[in-house]
Amino acid sequence: MFIPHTDQEKEAMLSSIGVKRLEDLFTAVPEKHRFPKLELPDGLTEMEVLDELKDYSSANETAGDLVCFLGAGAYRHYIPAAVNALISRGEFSTAYTPYQPEISQGTLQAIFEFQTLVANLTGMDVSNASHYDGATASAEAGVMAYHNFRGKRSKIILSPAINPQYKEVMCSYLCGYENVELITGGKDPFENPEMLPEEIDDNTALVVVQYPDFFGRIHDFTNLAKKVHESGALFTVIANPTALGLLKTPGAMGADIVVGEGQPLGIPLSFGGPYLGFLATKNELVRKISGRLVGETVDNQGRRGFVLTLTAREQHIRREKATSNICTNQGLMALTATVYMSLLGKSGMKHVANLCYQKAHYAAAVIGKIPGFKVLDEHPFFHEFVVKCPTDVEHLNHHLLDAGFLGGFDLGKVDPRLKDHMLVAVTEVITKEEIDDFAVALKEAAHD
Amino acid sequence: MNTPQGLKYASTDEWLKVEGNIATLGVTDYAQDQLSDIVFFEVTVEVGDEIKKGTIVATIESVKAAADVALPASGKVIEVNEALANSPELINSDPFGGAWMLKVELTDPSEVESLMDAAAYASYCETRGH
Amino acid sequence: MTEPTIYELSSPGRVGVRFPESDVPRYDPPADLLRSDLPFPELAEIDVIRHFTHLSAKNYSIDKGFYPLGSCTMKYNPKINEVTAGLPGFAFSHPLQPVETVQGNLYLMYQLQEFLKEISGFDAVSLQPAAGAQGEFTGVKIINAYHKSRGDEKRTRVIIPDSAHGTNPATTSMIGLEVVHLPSDKRGNVDLAALKEICDDTIAGLMLTNPNTLGLFDENVCEVIEIVHAAGGLVYGDGANLNALLGITRPGDLGFDVMHFNLHKTFSTPHGGGGPGSGPVAVTAALADFLPAPIVGIVEEASDDVPPLYGFLDPPQSIGRVKTFFGQFGMLVRAYTYIRMHGPDGLRKVSEYAVLNANYLLSKVKGKYTLPYDRICMHEFVVEGVWPDLPDVHALDIAKRLMDYDFHPPTNYFPLIVHEALMIEPTETENKQTLDAFADALLKIADEARNEPELLKNAPHNTPVSRLDEVKAAKELVLCCWLPEKE
Chain S
1 MFIPHTDQEK EAMLSSIGVK RLEDLFTAVP EKHRFPKLEL PDGLTEMEVL DELKDYSSAN
61 ETAGDLVCFL GAGAYRHYIP AAVNALISRG EFSTAYTPYQ PEISQGTLQA IFEFQTLVAN
121 LTGMDVSNAS HYDGATASAE AGVMAYHNFR GKRSKIILSP AINPQYKEVM CSYLCGYENV
181 ELITGGKDPF ENPEMLPEEI DDNTALVVVQ YPDFFGRIHD FTNLAKKVHE SGALFTVIAN
241 PTALGLLKTP GAMGADIVVG EGQPLGIPLS FGGPYLGFLA TKNELVRKIS GRLVGETVDN
301 QGRRGFVLTL TAREQHIRRE KATSNICTNQ GLMALTATVY MSLLGKSGMK HVANLCYQKA
361 HYAAAVIGKI PGFKVLDEHP FFHEFVVKCP TDVEHLNHHL LDAGFLGGFD LGKVDPRLKD
421 HMLVAVTEVI TKEEIDDFAV ALKEAAHD
Chain G
449 MNTPQGLKYA STDEWLKVEG NIATLGVTDY AQDQLSDIVF FEVTVEVGDE IKKGTIVATI
509 ESVKAAADVA LPASGKVIEV NEALANSPEL INSDPFGGAW MLKVELTDPS EVESLMDAAA
569 YASYCETRGH
Chain D
579 MTEPTIYELS SPGRVGVRFP ESDVPRYDPP ADLLRSDLPF PELAEIDVIR HFTHLSAKNY
639 SIDKGFYPLG SCTMKYNPKI NEVTAGLPGF AFSHPLQPVE TVQGNLYLMY QLQEFLKEIS
699 GFDAVSLQPA AGAQGEFTGV KIINAYHKSR GDEKRTRVII PDSAHGTNPA TTSMIGLEVV
759 HLPSDKRGNV DLAALKEICD DTIAGLMLTN PNTLGLFDEN VCEVIEIVHA AGGLVYGDGA
819 NLNALLGITR PGDLGFDVMH FNLHKTFSTP HGGGGPGSGP VAVTAALADF LPAPIVGIVE
879 EASDDVPPLY GFLDPPQSIG RVKTFFGQFG MLVRAYTYIR MHGPDGLRKV SEYAVLNANY
939 LLSKVKGKYT LPYDRICMHE FVVEGVWPDL PDVHALDIAK RLMDYDFHPP TNYFPLIVHE
999 ALMIEPTETE NKQTLDAFAD ALLKIADEAR NEPELLKNAP HNTPVSRLDE VKAAKELVLC
1059 CWLPEKE
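Chains as they are written, first to last, in this note's numbering: chain S, 1 to 448; chain G, 449 to 578; chain D, 579 to 1065.
Chain S extracted, bound-state conformation (with noise of 0.2 Å):
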């Protein structure tokens, strides 16, 4: 199958090393715990294990057989026949880290290209190879700004309308360095973000807000950066790709550091990964930058080409006094994004973005009709919005389900205080129809 010896070449070998027998080669292995046997279930053919997985797999009712409006972190989103092509290709697949710049100038120029992208997309200077998903990227985040203020600011303050998950991955990082604070900002979920000002003081290192933010509201953060900046803190957006192809970038409001998840770049859903963190900043903070970074210089004969750079701030070199121990980025997915932005280029990300915006905002007014639910919209929103519905959400969910549809996100399950809250997306894939249709069933389900 995938051992190609056969039993000559087999003893050929074990001749020309000096031993008799395969087991010969394991004597240093304590001879209690040598050659367990593993209770596994049989080896399988391809066409048996494939045959199986198939099972599995349509043992799902998924995002592809429904019609989704769920999102909360992930999107259902168009990828080209394009995509797919080039990323399967094995020279990207199966190459790994590019060590040798040589023969790794494939993969070294795509990321060169995603940090291009990435940095014109939000609007800031630089941005790195990329991170495992966007909650780790944020958590980098504020690992760049402990450092940079060498720890003697210790309090980062978190906007409340974070996706919670993200804020238990900030946590998980930040909370073994030395008396790092972590604080949401806030009383209620729902708090508009320009109230953070009165928890930044001279001990902040770091305030963050997300754009849209978890509840798919946008804000305008200039005069928040400002009086962020007036403090000596940094300021951090945790933004969405897609709405950066039509909104505002975080750069043109004044962050120093912009994050965000690259899942709706050309990334399947794929039940939660592997997806794409990217990390962009200003050239002042190239240098505390975690992770990888490919930078353009010439070869021996004067030509162009691609590096890893900055390495001596990485794991290998620094060992314990690296500021992260990131050794990989996402590359694969690294590059789907790039081909996904390069694809669908200035006009299809500002159209697929517009198209998103377009049909939210008819979906919230179709729901809003709806008796009993009321869509809270008095802060502008992309294309994920929060309904209170009359009943409880897993209750809606489960009809909705039958008839066809992924209902929204159960805010409740994050948080007691927003029970019977549904958020809900709308990306580019779902027709007007669909809308139409799955207002009609909210509305069924509501009198069940």
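Hints may be right or wrong, so weigh each one.
[Said to hold, decoys possible] Partial list, computed: chain G residues near chain D (C-beta under 10 Å):
1. 501
2. 510
3. 511
4. 537
Hints listed in this document are in silico derivations from the structure and should not be mistaken for laboratory results.
Quick reminder that beta carbons are idealized off the backbone N, C-alpha and C, glycines included.
Keeping the supplied structure of chain S fixed, place chains G and D upon it in accordance with the hints.
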């Protein structure tokens, strides 16, 4: 390898030039040679900071390595070579001149006595080879 | 030939993919929240396809040839893995769907947890960590949380052998613990006397890679673990080198308390040019309550005709969440496929032949290259890429020259404890002819180093670019191909 007379040397490859109770800090020719092409230099303390002996006061990065610079005697920072951050290659080309890093007012000038002189440091480098 | 960047290829007005026009009434976004311009390239689909196809041709890959990058386990990645991971029921499932609608995913994850427990000899597994480095982070956090939960606050030091991966000390620092370095002995094992000296009641644990980064199985592994346990510490197993141990021995049986897996190494999920990886963590029963949340479990037992309901469980003393959702699910499907195809006998064969290949290659080159520890190796080995009488030739030159022979070089300058190290891991999927050709190239290069050293110093000669100016890259720091003028 250059090891100027009249300076004091630490086993971690820093040099101190002591004039009265003022000391100037840098790293040695041996250190820059081990690091090879230096591309980044940053002082991690500020003028006015009171620094204990052995504290890290600067960071050097080359293409393939990174090194911390420690202050081998306690003192108060009185001047930082701000220009060095913009031309870190000076650490390679002029480690004992243009690449001075900072000046301190020594808290206890007797601490310097335990450091090596040029001859002792040169033979110490010999034993480590290349 | 130099490939232009996507910005250089851009031509205003070109469109790569069309989307339908809006079918709903028009809603105008607030004008003050719109961006002024999107500085993106404009390309047709064919431009994009050709550009990235050209770039792909500049990469070396496993599909192209031998990739003996030590410690990275660059084995062949079966194509069926890509088919299974792309099945629509997996690819289109949203991570927040009701669990009743994703029983296929959950069953697969549950089974994979069970498989990994059986392979490693541990009692519980979390699939959440995104990569090996994050698995390490999770593992050490669990050790830290365990001591804290017992009120044992003074255990703040972690012992790390000098042969360890750089991620081990970096991980320890990230968690706010202190690193204590531990030397190796003359045979490349942990120095037991030094270990005993270090161990006291401030030790949180030891991070041990076994086989270690020299490719050697620690001959005293059980004693090492006993010493740490006797001092009240726990032992973390770095699973980077698990490809040597499938069906050979189980880290849990040896006494380890926690370990991570690198599914992208051992279980053949493609490395993707540097990710995504996948780094599940396994622990003993005593540590199961600390695993990152959530893990997959049975939430409703099976009854007569109804199968059990799989769902998510939060371990009671969980260290929390280390990434969004439940892990790199697409990688889990690939690893599951691989394990399922191999079964117990197939997995043991993987490790046997990985070790056979490494020892065979070692037997072919050891006359010409210095071997710092002359022992039977496991799945990889380390030689010195330097000769005492040729001070100007370095491991880097040998590595670069190997490219001219159409091979990917081994890992070089790691582990740090070997002078000018070349770390070679052939993996089980390479045949004898490939290993012979690679050994021949290494032997020829050893001769060239003596007779025509310039061939090495100027290598590589036949690659898309020659040696690159890394000093210029780091100093000038050009990280983007095009940015608009600042307003």
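Structure-based check of all given hints:
1. 501: violated, 20 Å
2. 510: For residue 510 (chain G), the interface hint holds, since the closest Cβ of chain D sits about 8 Å away, which is under 10 Å.
3. 511: The hint holds - residue 511 (chain G) has a Cβ within 10 Å of chain D, the shortest such distance being about 5 Å.
4. 537: holds, 8 Å
In the structure shown, a violation is registered for the earlier hint numbered 1 alone.
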